[in-house]
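Quick mapping for you: the protein sequence lines, in order, are chains A and B.
Numbering of the first sequence is given in this note's numbering, commencing with residue 1 and proceeding in unit increments.
Numbering of the second sequence is given in this note's numbering, commencing with residue 1 and proceeding in unit increments.
Accuracy of the hints is not assured; some may be wrong.
Label-pair restraints from in silico Cβ distances [as the list claims (entries may be wrong)]:
(1) D21(A) <-> R141(B): 23 to 31 Å
(2) S159(B) <-> E60(A): 19 to 27 Å
(3) T19(A) <-> W174(B): 16 to 24 Å
(4) K173(B) <-> D53(A): 32 to 40 Å
(5) A177(B) <-> D21(A): 17 to 25 Å
(6) N148(B) <-> S68(A): 24 to 32 Å
Everything labelled a hint here was simulated from the structure, so no lab data went into it.
None of these values were measured; they are calculated from a predicted model.
Note that the Cβ used here is the ideal one computed from N, Cα and C, for glycine as well.
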Amino acid sequence: MSFIRPDEFIILFHTGSLTMDDLKRVSDAGVKTAVFPILWEEIEQKSGEYDWDQLDAEVERLKEAGISHSCVAMRTRLTGSPMIGICNPQMARCGATTSDTEAVTVSPCYRPGAKMLWNASVLSCGLATTATMTNGRRCMPEVHTPARCCCLE
Amino acid sequence: MIPCYCDSHAVKAYREFTGETGNPPDLPTYASMKEQSKLVEWLRKSLTESVKTEQNIFPEIWLHLVERDTKFAESFESGPRSGNWLMSELCANLPIELGKDLNVILWEVNRYGGDQGALENVKNVLDRVWIGSQFCEGLSRFTHDSINKGLRGFVTSPSPSGKLEDWMLDAFKWSIAEWRAAKCS
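Pulled out of the complex, with its shape left as it was, chain A reads as follows (with noise of 0.2 Å):
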């Protein structure tokens, strides 16, 4: 499936520093696809405990500007940089261990209206993923139902 759409040339990042009306310019300009980066912690800062209001907000905003296409690109703080997330000695020194690695696991989720990006953290911590689906927990999203996972094993 040849998937380039006319309107995904060009992609906004970092759209949360421009102000309405410039989005409205950009998208005027012809920029209908935009993504964003996350903080899951911000969205998780309780375990167990989500909040979504910033996400959604940032989604409507785009929409409002006549952005039709958002995507999420979801982070967290100790892999937020790929370097940091991917080779950087800082994230051993940081403790990037399971928990850590899980907590980027369990968060890919969906939100209508926006499309989930996995970030290179991911990537990066998808062997430690696979790993733990090897080992013993699997953790997936429960499909729909962002704020909840279901552990397969």
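Add chain B to chain A, keeping to what the hints say.
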């Protein structure tokens, strides 16, 4: 440097796969992959299974938007630890293995989109790669080069400060027109 794949679960999986008792060795360079065949095979198996597992979730969520972003970003330049060497293989094989239409998107983010030399790992799937032009200057400078390379598009933001200026809007309009002319004609 400790490889990113050295958390406790990964170490356990590596030991089970290889039968060895030590930790996974490092992969500092692409040349070192030739000396670490067991490690490479374990990484290939783990990464492939991981991506397949995730992909089996997303089609249910996104319905027709069966698409996944791996966003390796600077990892293109970080060497083989990131597993980016597997990307062309995954893009080629996963749709067949999963029996679903998939389009795996890769990003490479470089400031101004200027250093596009690190595309060796995705040379077979360039039409799925959005190149990163971190700011609008990159659109003006590298749109034609990116189109000629067969890339899919640009990911960009207006400026480091987030302040939008008229020339940036012109860059958006011009670049979009160029991409359309090249890809939609």
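Between D21(A) and R141(B), is the Cβ distance one that fits in 23 to 31 Å?
27 Å, holds
In this structure, is the beta-carbon distance linking A177(B) and D21(A) contained in 17 to 25 Å?
23 Å, holds
Is 24 to 32 Å a correct range for the gap between the Cβ atoms of N148(B) and S68(A)?
29 Å, holds
Honestly, do T19(A) and W174(B) meet the 16 to 24 Å range at C-beta?
23 Å, holds
Could you say whether the range 32 to 40 Å given as a hint is met by the Cβ separation of K173(B) and D53(A)?
34 Å, holds
I want to verify a distance hint. Is the separation of the beta carbons of S159(B) and E60(A) within 19 to 27 Å?
24 Å, holds
The structure shown violates none of the earlier numbered hints.
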